[in-house]
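Chemist: Protein sequences appear in the order of chains R and D.
Be aware that the first sequence starts at 1, since it is given in UniProt numbering, and climbs by one per residue.
Be aware that the second sequence starts at 1, since it is given in UniProt numbering, and climbs by one per residue.
Any given hint might turn out to be false.
A pair counts as met if it fits within one copy or between any two copies, since identical chains are not told apart.
[Said to hold, decoys possible] Subject to a maximum C-alpha distance of 20 Å in a straight line, what follows is the list of computed EDC-like cross-link-like pairs (lysine to aspartate or glutamate):
{"#": "1", "residue 1": "406", "residue 2": "200"}
{"#": "2", "residue 1": "367", "residue 2": "318"}
{"#": "3", "residue 1": "37", "residue 2": "349"}
{"#": "4", "residue 1": "210", "residue 2": "455"}
{"#": "5", "residue 1": "59", "residue 2": "353"}
{"#": "6", "residue 1": "322", "residue 2": "88"}
{"#": "7", "residue 1": "346", "residue 2": "81"}
{"#": "8", "residue 1": "367", "residue 2": "88"}
{"#": "9", "residue 1": "410", "residue 2": "192"}
{"#": "10", "residue 1": "37", "residue 2": "13"}
{"#": "11", "residue 1": "282", "residue 2": "7"}
{"#": "12", "residue 1": "322", "residue 2": "34"}
{"#": "13", "residue 1": "59", "residue 2": "129"}
{"#": "14", "residue 1": "367", "residue 2": "455"}
{"#": "15", "residue 1": "210", "residue 2": "238"}
{"#": "16", "residue 1": "410", "residue 2": "13"}
{"#": "17", "residue 1": "282", "residue 2": "235"}
{"#": "18", "residue 1": "411", "residue 2": "211"}
{"#": "19", "residue 1": "84", "residue 2": "407"}
{"#": "20", "residue 1": "411", "residue 2": "353"}
{"#": "21", "residue 1": "160", "residue 2": "13"}
These are calculated hints, taken from the structure and not from any lab test.
Since this is a predicted model, take the numbers as computed values, not measurements.
Below, each chain spelled out in residue letters.
There are 2 protein chains.
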Amino acid sequence: MTDPRPDAVLHPEGRINQFVIASHYAVRGTIYIEAQKRKASGKEVIFTNIGNPQSLGQKPITFPRQVISLVTCPQLLEHPDVGKLFPEDAIARAKKYLDNLPGGSGAYQDSRGNMYVRQEVADFIARRDGHPANPEHIFLSDGASPAIQRCLNMLIRDQKDGILLPTPQYPLYSASVALLGGVILGYGLQEEQGWSLSIDNLNEVVADAKERGLTVRALVVINPGNPTGQVLSRENMEEIARWAAVNRVVLLADEVYQTNVYGSRPFISFKKVVTEMGDEGKNVELISFHTVSKGVFGECGRRGGYLEATNIHPGALDQLYKVFSIGLSSNVDGQLMMGLMCNPPKPGDASYEQYEQECDAIFQSLKRRAEMISNAFNALPGVSCQNVEGALYAFPRVRLPEAAVKEAEKKDMGPDLFYCLELLHATGICAVPGSGFGQEEGTFHFRTTILPAEEQMPRVIDLFTSFHKDFLQRFGMPSKM
Amino acid sequence: MTDPRPDAVLHPEGRINQFVIASHYAVRGTIYIEAQKRKASGKEVIFTNIGNPQSLGQKPITFPRQVISLVTCPQLLEHPDVGKLFPEDAIARAKKYLDNLPGGSGAYQDSRGNMYVRQEVADFIARRDGHPANPEHIFLSDGASPAIQRCLNMLIRDQKDGILLPTPQYPLYSASVALLGGVILGYGLQEEQGWSLSIDNLNEVVADAKERGLTVRALVVINPGNPTGQVLSRENMEEIARWAAVNRVVLLADEVYQTNVYGSRPFISFKKVVTEMGDEGKNVELISFHTVSKGVFGECGRRGGYLEATNIHPGALDQLYKVFSIGLSSNVDGQLMMGLMCNPPKPGDASYEQYEQECDAIFQSLKRRAEMISNAFNALPGVSCQNVEGALYAFPRVRLPEAAVKEAEKKDMGPDLFYCLELLHATGICAVPGSGFGQEEGTFHFRTTILPAEEQMPRVIDLFTSFHKDFLQRFGMPSKM
Chain R
1 MTDPRPDAVL HPEGRINQFV IASHYAVRGT IYIEAQKRKA SGKEVIFTNI
51 GNPQSLGQKP ITFPRQVISL VTCPQLLEHP DVGKLFPEDA IARAKKYLDN
101 LPGGSGAYQD SRGNMYVRQE VADFIARRDG HPANPEHIFL SDGASPAIQR
151 CLNMLIRDQK DGILLPTPQY PLYSASVALL GGVILGYGLQ EEQGWSLSID
201 NLNEVVADAK ERGLTVRALV VINPGNPTGQ VLSRENMEEI ARWAAVNRVV
251 LLADEVYQTN VYGSRPFISF KKVVTEMGDE GKNVELISFH TVSKGVFGEC
301 GRRGGYLEAT NIHPGALDQL YKVFSIGLSS NVDGQLMMGL MCNPPKPGDA
351 SYEQYEQECD AIFQSLKRRA EMISNAFNAL PGVSCQNVEG ALYAFPRVRL
401 PEAAVKEAEK KDMGPDLFYC LELLHATGIC AVPGSGFGQE EGTFHFRTTI
451 LPAEEQMPRV IDLFTSFHKD FLQRFGMPSK M
Chain D
1 MTDPRPDAVL HPEGRINQFV IASHYAVRGT IYIEAQKRKA SGKEVIFTNI
51 GNPQSLGQKP ITFPRQVISL VTCPQLLEHP DVGKLFPEDA IARAKKYLDN
101 LPGGSGAYQD SRGNMYVRQE VADFIARRDG HPANPEHIFL SDGASPAIQR
151 CLNMLIRDQK DGILLPTPQY PLYSASVALL GGVILGYGLQ EEQGWSLSID
201 NLNEVVADAK ERGLTVRALV VINPGNPTGQ VLSRENMEEI ARWAAVNRVV
251 LLADEVYQTN VYGSRPFISF KKVVTEMGDE GKNVELISFH TVSKGVFGEC
301 GRRGGYLEAT NIHPGALDQL YKVFSIGLSS NVDGQLMMGL MCNPPKPGDA
351 SYEQYEQECD AIFQSLKRRA EMISNAFNAL PGVSCQNVEG ALYAFPRVRL
401 PEAAVKEAEK KDMGPDLFYC LELLHATGIC AVPGSGFGQE EGTFHFRTTI
451 LPAEEQMPRV IDLFTSFHKD FLQRFGMPSK M
């Protein structure tokens, strides 16, 4: 194809910021674009590429939607028939929010978010951890992503600053670090030990980085893991926190899947662990992230999230406030959704039972699906999948036949991408190749969400199973099983 | 004060990204913080520091809120009494959106925004300009700000890349350019010629920049002007567009105040001007921005906005899509608000008359307030204010007495900040010093919005007038009037 505009000022070759060019974002990469084409051609696509529960039919929880609906349209509250359409606790909560939102939901709020909502978040954290939380250290954001990016922006000073990211990791991190001109320092998670984090491994990566003249600035930990689904033990968390303090790196704790825990090991927040470490914990500079997009709410389209800063220098917090203020204010519906997630109906409230039932039904179904999916993958020849203890994904390893690897090479693509494209073309299932998340050299994985509707799951598994068997028939069995 | 954490990894002195430290954001700076303190102490504050209409009592337009309320709570649509609380066209529109939003408003949409809404935006642009618009070139965003920042991120490659910004300008631009490590190249607007843009001035700034070894990458034009309120003539726009093409810079057209035009000169979009320039226009790389936060909607808290790319290289558009995709999706309520602004009720629809009346009432009131406020400033000794032809602000010049300038020096602050702080302390009026927007050396200005409620305006003007007269009595008359 001839270049339609070779002299463009914004030309992708050499005339666009190199960091923009260098950043990759697999979740919406090649596979996603191919899937969109397939969909546009009228064929079925089963989107398991992204944790977007409501796009796969998960129903929103009723109560928070009712409250936001009323806040959006305050004149409803004065209508004599409002009680026919809305329960009384939703009406009361909407009034409470309107009393505490200067200008209502159509006005910019403080750049850190509305104070009433931040207090609801602080109260939630205090209940969860058994330790007080300070709303001045809580900033609301349009989902967790911009909060994470703003923290990375403060941390990355130049191309000599490195950020420790798990391998595999959620590609927001690698894309953002690249975009900000920093260095991605991948530390491997140990697949055969249930994707656990090894301090030895961290030390090796840091030693190597120092040799390259880099300064390590932060350690990102995703717990429960994305895409890997593991839940950290308290012992491991203490070790990690101590390591961060000793090595003088900020600990960035991505805890957006804290509600999505299906196994016997409970979620514990880094805030709690650090607080309970006493004086030693005071040296841990910690920023934790949460969202309304995951959990059982799955309210991705709202873009609600928060960060909580622990042991962060007040001058640094001022700088963070400034960076937030350049973006003016996060969207107020997203802020309210976060408040509603943190402060749900209580026993005795009109909506309490329905709320609990709805949340529990989604949670139990996710738990069943997590098990169904890892069992199904483990039943396939050449595929192994760690137990999905948490989050919304499975990240199975697939041994690919040599002939398939060669076929991929011929097509100038990674073997995992080739596998996922074949899967998409054969079944409509849109999974993301492991290369988008990072994987140990010579191993191949893919990520699927556990989000297809439960009643659809057997069919998805059947489609997958047939595809995989066909694939092995076409290309032969992998040499190492 | 002793440093509470001198060894912090995130320490504001030397251990935070210098570009973060260097960026300033006046609208929420010293004055805003002082105003918050005043408010916390129980005293009245009249916030004229920021274009946040609903925080000052502007009522939201009813129809779009009704639609969003229904989309938020889709079960309302099935309730037998829904017709008592919502008009039929709001119900129909909500159904239309739900049919076209995969997963509803709780799901991530395409990273560029939902296609149905983007088509509504494209149709609006086509009606406005008389030329077709392509939804593939329209990206929805959380307000205009992140769209602007993402474009600047593509443009600024290193510290040798400069962006032409008007002086005075809206500080989002200077803050973002500084944050991205680029060079701010201010070009002066000519106050005495109604804040018009002079090509000679652009040429001077560019010549100087080239001498400094800089590459000029983009020209930001805010039309109608913020904080200056001028509306560009078509002749001037053609000249600017031609200049951008010849000088190989991308034209970034901030047109968020396009509805807020109060004088006889109409708003014309750069898209229309460039399209009608024929082959010459094809060399103009243009990105235009719009929002739901201004106009008569004033829906700041929704964070809805769009960019339209004209003559941008397809490879650059792909890169922009990637940058948007790292942020996943803008908030869906904000997307819908943008769709509703672009596609309002039509004659014959149940809500048409009320919608038109509400919009017109806000518009006429803003127009009256724009005139009241510039007249009031012009009546004060030592103050001159250009006619407010558009936008939501007045940016009067104030001649300050020498004794006041000295007093400010003693307090180690700019004379305009000193004036605004005295104003705040004496009256509760929160205006922003001109230094936050940029002003010609040796001149002093401040920005106020025209947004205090119309019935409150005479009191605000009285407060201001008394303050200013007292100020001159305390410090003497300025030497030059």
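Chemist: From the Cα coordinates, with 20 Å as the cut-off, is the pair residue 37 and residue 13 best called within, between, both, or neither?
Modeler: Neither: 26 Å inside a copy, 50 Å across copies.
Chemist: What label fits residue 346 with residue 81 when the C-alpha limit is 20 Å: within, between, both, or neither?
Modeler: Neither: 25 Å inside a chain and 28 Å across chains, both beyond 20 Å.
Chemist: At most 20 Å between alpha carbons: which applies to residue 282 and residue 7, within, between, both or neither?
Modeler: between (55 Å within a copy, 12 Å between copies)
Chemist: Since the copies are identical, ignore which copy is meant and state whether residue 59 and residue 129 lie within 20 Å (CA to CA) inside a copy, between copies, both or neither.
Modeler: Neither, since 29 Å and 41 Å both go past 20 Å.
Chemist: Indicate which option fits the pair residue 59, residue 353 if close means a Cα-Cα distance not exceeding 20 Å: within, between, both or neither.
Modeler: within (17 Å within a copy, 36 Å between copies)
Chemist: Within, between, both or neither: how does the pair residue 322, residue 88 come out at a Cα-Cα threshold of 20 Å?
Modeler: Answer is neither: 39 Å inside a copy and 44 Å across each miss the 20 Å cutoff.
Chemist: When no copy is named, should residue 367 and residue 318 be tagged within, between, both, or neither for a Cα gap of at most 20 Å?
Modeler: neither (41 Å within a copy, 38 Å between copies)
Chemist: Evaluate residue 160 and residue 13 at a C-alpha cut-off of 20 Å and name the case that applies: within, between, both or neither.
Modeler: Classified as between; 18 Å across copies, 25 Å inside a copy.
Chemist: Cα distance capped at 20 Å. Does residue 411 pair with residue 211 within a copy, between copies, both, or neither?
Modeler: neither (37 Å within a copy, 49 Å between copies)
Chemist: Please sort residue 410 with residue 13 into within, between, both or neither, judging by C-alpha distance up to 20 Å.
Modeler: Neither way: residue 410 and residue 13 sit 26 Å apart in one copy and 53 Å across, limit 20 Å.
Chemist: Given a CA cutoff of 20 Å, do residue 367 and residue 88 count as a within-copy pair, a between-copy pair, both, or neither?
Modeler: Answer is neither: 32 Å inside a copy and 41 Å across each miss the 20 Å cutoff.
Chemist: Evaluate residue 322 and residue 34 at a C-alpha cut-off of 20 Å and name the case that applies: within, between, both or neither.
Modeler: Intra 40 Å, inter 15 Å, cutoff 20 Å: inter-copy only.
In summary, the numbered hints that this structure violates are 1, 2, 3, 4, 6, 7, 8, 9, 10, 13, 15, 16, 18, 19, 20.
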